[in-house]
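Colleague: Protein chains in written order, with the numbering used here: chain Y, 1 to 408; chain Z, 1 to 290.
Treat the hints as calculated values from the structure; they're not laboratory data. It should be emphasised that the depicted structure is a prediction, and the values quoted were computed from it without experimental measurement. By construction, the Cβ of each residue, glycine as well, lies at the ideal position given by its N, Cα and C atoms. Watch out, some of these pointers could steer you wrong.
Footprint (simulated), chain Y over chain Z, 3 or more residues, beta carbon under 8 Å [what the hints assert, rightly or not]:
#, segment
1, 217-229
2, 239-251
Some, not all, of what chain Z presents toward chain Y, calculated at C-beta under 10 Å [as the list claims (entries may be wrong)]:
#, residue
3, Pro128
4, Glu133
5, Thr150
6, Asn151
7, Ala210
Pair ranges (Cβ atoms, derived) [as the list claims (entries may be wrong)]:
#, chain 1, residue 1, chain 2, residue 2, range
8, Y, Gly254, Z, Trp124, 52 to 58 Å
9, Z, Ile106, Y, Asp151, 54 to 60 Å
10, Y, Glu50, Z, Phe24, 49 to 55 Å
11, Y, Asp105, Z, Gly76, 57 to 63 Å
12, Y, Gly273, Z, Val117, 30 to 36 Å
13, Z, Phe24, Y, Ala287, 41 to 47 Å
14, Z, Val117, Y, Ala303, 56 to 62 Å
15, Y, Asp322, Z, Ala19, 26 to 32 Å
16, Y, Arg171, Z, Leu275, 40 to 46 Å
17, Y, Gly254, Z, Ser114, 46 to 52 Å
18, Y, Thr26, Z, Gln11, 47 to 53 Å
19, Z, Gly272, Y, Thr26, 45 to 51 Å
As a plain string of letters, each chain reads:
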Amino acid sequence: MFTKLGVLGTAMAFALTTTTPVFAGTAEVIHWWTSGGEAAALKILVEAYEKTGNTWKDNPVAGGEAARMVARTRILGGDPPTSMQWQVGAPLMALAEEGQLNDIDAVAKDWDTLLPKVIADNAKFEGKYVSAPIDIHGHNWLWGNQAVLDDVGIAMPKTWDELIASADKIRAKGYIPLALGGQSWQEIFVFESILVDVGGRDFLTKVTYDLDDAALRSPEMLKAFETFAKVRDLVDPGSPSRDWNITGGLLINGKAAYMIMGDWLKGEFVAAGKVPGKDIACEVFPAGGKTLVFGTDSFAMTAVKDPALREAQLALAATIMDPVVQKEFSLRKGSIPPRLGIDKTGFDACAQIAMGEAAEGHLFLVPDNVADATSIGALVDQMTTFLHSKMTPQEGVTAMADAVAATR
Amino acid sequence: MRRFLQRHMSQIALSPSLALIAIFLYGFIAYTAAVSTTNSKAFPRFDNFVGLEQYWRLLHTPRWHVAFTNMFLFGGLFLLVTISLGLVIAILIDQRIRAESFFRSIVMYPMAMSFVVTGIIWQWLLNPTLGIEVMVHQLGFTSFRLDWLTNPDTVIWALVVAAFWQGCGLVMALFLAGLRGIDEDIWKAAAIDGIPAWRVYVFIVIPMLAPVFLTVVVLLALSIVRSFDLVVALTNGGPGVSSDLPSVFMFDMAFRRTNLGLSAASAVVMLGTVLAILIPYLYAETRERA
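Make the full structure from the sequences, and use the hints.
Modeller: Now the structure itself:
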């Protein structure tokens with residue numbers, strides 16, 4: 001299938017190159033920002049870029065996977081876009097190792113001092129920047145409907161033990177304790193926060209980055225699975241396979257007390273007229289874990305040769321890192337800027353917490369961007385299989401460790 | 001020259017499509033098989049030959065076992081349910097009933113829906129918090145449970161029901177055409193001999209429909225192997241990975257997990273399985289008729 005698409009992509013790429021001449025100073029950018037808030041944020045970037053005298057040639061593709069597939073086929077066909085949205089870390093390195101990226105060090109001299117170390121390290125290949133990060137989204141957020149919490153008479157929990165202990169009180173009042181969309185990409189946020197809860201940041205590193213066999217079979221892991229097994233009782237019967245935004249509705253409409261989801265959920269609050277940090281309480285969970293698991297949207301710079309395109313690329317990188325662009329972009333997208341030292345005014349309470357975590361070096365890059373995709377994928381498969389089964393915690397530990405071991 | 005053209009016209013006319021099939025079908029099957037012996041990640045690369053390692057890995061991936069078993073479970077149930085009920089409906093409609101075209105249309109209409117639409121419709125109907133279950137609760141039967149979609153043990157039935165709903169019309173139409181093609185004299189002879197209608201169906205008419213069965217089985221078998229969109233729309237493989245099919249696994253490995261080697265290996269195993277089932281069946285059926 002891939003090969004067929006590859007040929008198709010080549011054919012399409014050929015058609016593009018022969019019909020549309022490339023003008024100097026035009027950056028063609030593939031991205032997947034098509035929804036309302038995303039488009040408004042992108043407009044900030046596009047306008048700032050066009051002020052530099054270059055032209056932005058928009059190439060939006062709905063859906064991250066589809067967009068990356070288009071970009072990849074374009075690259076395979078020998079006609080890469082000037083730049084494209086691409087995750088930092090391992091996926092970026094895979095491209096760089098194929099020789100498919102240009103460095104942007106000409107404009108990135110001082111970026112090491114401007115970016116959190118984890119982002120800087122993962123946006124560089126052989127010490128040179130190949131990608132420009134524009135936003136940060138945190139994953140392990142615990143959201144609580146304040147009205148529900150008040151009605152039950154509880155405060156936001158700080159640990160998983162506290163959260164589970166409060167479940168009976170919440171249920172007694174007729175609410176769902178935890179709104180969870182039972183799809184593996186949503187469940188992993190819950191699992192990761194449990195890993196931090198039982199073993200801290202180091203344990204999360206060992207399990208999700210190193211996929212260390214000893215850690216995967218350790219007593220901490222068993223404890224994590226014991227907690228994770230209790231999540232089965234915290235959710236409602238409609239949870240399996242439910243989409244995240246519908247699940248968010250349960251929290252926003254006061255049917256559920258808590259939800260663990262990335263900060264893009266704030267967009268749903270705002271659309272429903274709720275204020276993040278007030279109507280919907282927020283907390284990086286577990287509190288005091290010194291770990292904000294995050295993903296970053298970043299623009300990779302492809303290996304274009306044309307000097308005019310090269311200039312357009314460097315101008316794009318400089319625009320992305322511009323402090324005004326970084327701030328205005330994140331205000332509209334609901335993210336936080338990767339660039340450190342941006343003035344916090346105008347950001348909501350939750351974003352301000354996240355900016356504080358980033359400044360203190362608590363960022364933890366999402367394992368998908370670090371670990372081998374097949375190994376971490378096997379972990380995710382077993383995590384979700386466990387949650388939707390009646391396996392005992394010990395069975396869950398063994399099944400996960402075995403599945404991960406088989407991918408080596 | 002003219003004689004040459006006359007003699008070889010059919011070959012010349014066919015050769016472009018033969019060439020296309022050779023490249024785009026068999027060529028890429030070979031290419032996929034070649035990729036499956038490499039350690040390719042995001043891009044196909046042939047400088048890292050690993051032999052059959054990807055197949056070994058596949059054998060040790062629990063999710064592949066789920067997907068592979070599901071294909072037989074889903075396939076078997078879907079074939080059984082769709083063929084038996086499709087045949088029964090065809091026989092009922094064949095009774096020269098009034099408003100036949102009305103009933104025929106009812107059964108045929110779902111066929112006009114794509115699998116994606118079918119999947120979304122049934123996802124809503126079977127959702128325990130907003131579908132049939134809620135409706136029955138509102139009618140007063142509060143102990144009613146319909147958790148097929150959210151229970152890993154029964155989710156395959158949800159797939160079967162949706163696929164049956166969509167595929168039943170086609171099967172019914174094929175059987176109906178077969179039934180209409182049966183000689184009236186057979187019925188008259190049976191009536192003279194005083195044989196009850198059900199026995200005529202079981203021992204005479206249905207065996208005469210064997211060629212229709214072949215067509216139906218081949219068509220349904222193809223839709224089983226292809227059924228990717230239905231799973232993605234209806235369950236997306238969930239809950240957990242319990243409703244995964246090999247096609248979903250293959251797609252996930254290729255595009256989400258960027259592991260082309262493993263993905264290609266699973267594609268080759270799928271192809272092998274289909275051939276292993278279809279070739280003997282086609283062989284037997286065509287020989288019988290010849």
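Colleague: Are any of the numbered hints broken by this structure? If so, which, sorted upward?
Modeller: As far as the earlier hints go, 1, 7, 8, 9, 10, 13, 14, 15, 16, 17 are violated by this structure, in ascending order.
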